[in-house]
Amino acid sequence: MNAGRQASIRKALLGWYRRSARTLPWRSTTDPYAIWVSEIMLQQTQVATVLPYYERFLERFPTITALAAASEEEVLSAWSGLGYYRRARALLAGAKKMIREFKATVPVAVADLMSIPGVGRYTAGAVASIAYHQPEPVLDGNIRRVLARLTGGRIRGDRTGADEAACWELAGGLVEGPDPGDLNQSLMELGATVCTAAEPDCRSCPVMRWCEGYASGNPGEFPVPAKRAAGVKVLAAVAVIGRGDKVLLEKPGDRSPLRGLWDLPALEHRNGADGSAELAAHLLDRHGLEVRSLTPGEEVSHGIMNRRIRLTVYHGTLARGRVAGRKELCWVEPDRLDVTPVSGATLKVLRAVLP
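Those letters in the sequence shown? Residues 1 to 355, by full-length UniProt numbering.
Keep in mind the hints are simulated off the structure, nothing from the lab.
By construction, the Cβ of each residue, glycine as well, lies at the ideal position given by its N, Cα and C atoms.
Watch out, some of these pointers could steer you wrong.
[As the list claims (entries may be wrong)] Subject to a maximum C-alpha distance of 20 Å in a straight line, what follows is the list of computed PhoX-like cross-link-like pairs (lysine-lysine): (1) 251 to 348; (2) 348 to 227; (3) 348 to 246; (4) 11 to 103; (5) 233 to 348.
[What the hints assert, rightly or not] Here are the in silico distance ranges between beta carbons for each label pair: (6) 69 to 1: 46 to 56 Å; (7) 4 to 133: 18 to 28 Å; (8) 108 to 274: 51 to 61 Å; (9) 197 to 304: 14 to 24 Å; (10) 220 to 285: 51 to 61 Å; (11) 273 to 18: 51 to 61 Å; (12) 215 to 69: 51 to 61 Å; (13) 209 to 268: 46 to 56 Å; (14) 1 to 203: 19 to 29 Å; (15) 177 to 267: 27 to 37 Å.
Construct the entire structure; sequences and hints are all you get.
In structure tokens form, the structure reads like this:
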């Protein structure tokens, strides 16, 4: 794509973005810390989901110093329900690294940004361009789709070697100019709201006149969709053990991806297996707890990556065993869930079964 065409596209994108972009809290700040937090939260997560978490997180940890001083449990509590908890741990580790190595500031250079846990090339480019006005490109699924359609499929957006390099080269050419942060955000916004995967709204697109996909008469053909891995169906049993208005939670082991969180006792099982017996054995073997009358109730669906989990809920009460004073067990009241670091599946189950 020649420089003149790139300049025309850049001008059209910036004008459209300033007229039409959604009002989002991270777009009204110049604080590199807040921008970094937003970009980590937005990894693999939709804007609507992030909004309430972003503002609560910054209220609780308003600075790098405040975040670095927090415990992992405090950070996971603020993140509870947002999912992909490695991001929360990466934020905490990143804040501590910024304290040690960057004088409690978000680094400016892309290479330094990429040394921060959880920050790859996309996030580094986003922070550098938005917070520090550097002409650094970004590429995500939305932007790859926009570029594939602009070029009529010459760029396929399929993340393979030569094609990936061509994507970055074109994105880099577009961002070379004034306001690189706004330019990158305009591409993100275009892909999220207009140049969508299904039924793109070409008549509302600011770059329609330069779009070879639109000129072809069928922009939805670009990019060619990648073959998705088949989803894995998982059956699981989960125990809701009550005591008055409280429920029993356990902490997964240190090797679990949910380490540091509280979770309802749960385990995967085979189709046709007796979930109540398996849960009772788990609670007895791991915690020395005996439960009575584990009866099946609600079924709850939950997704993690390509896993589609069907949870059967078993309700029961504790017959014998001690919970008080044990680090791996606790009783929690429903109105304390918003300040308790619990997994997304546990939140979903409790919202489904509690009054």
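Check the structure against each numbered hint from earlier and tell me which ones fail, lowest number first. Per hint list: 2, 4 and 15 violated.
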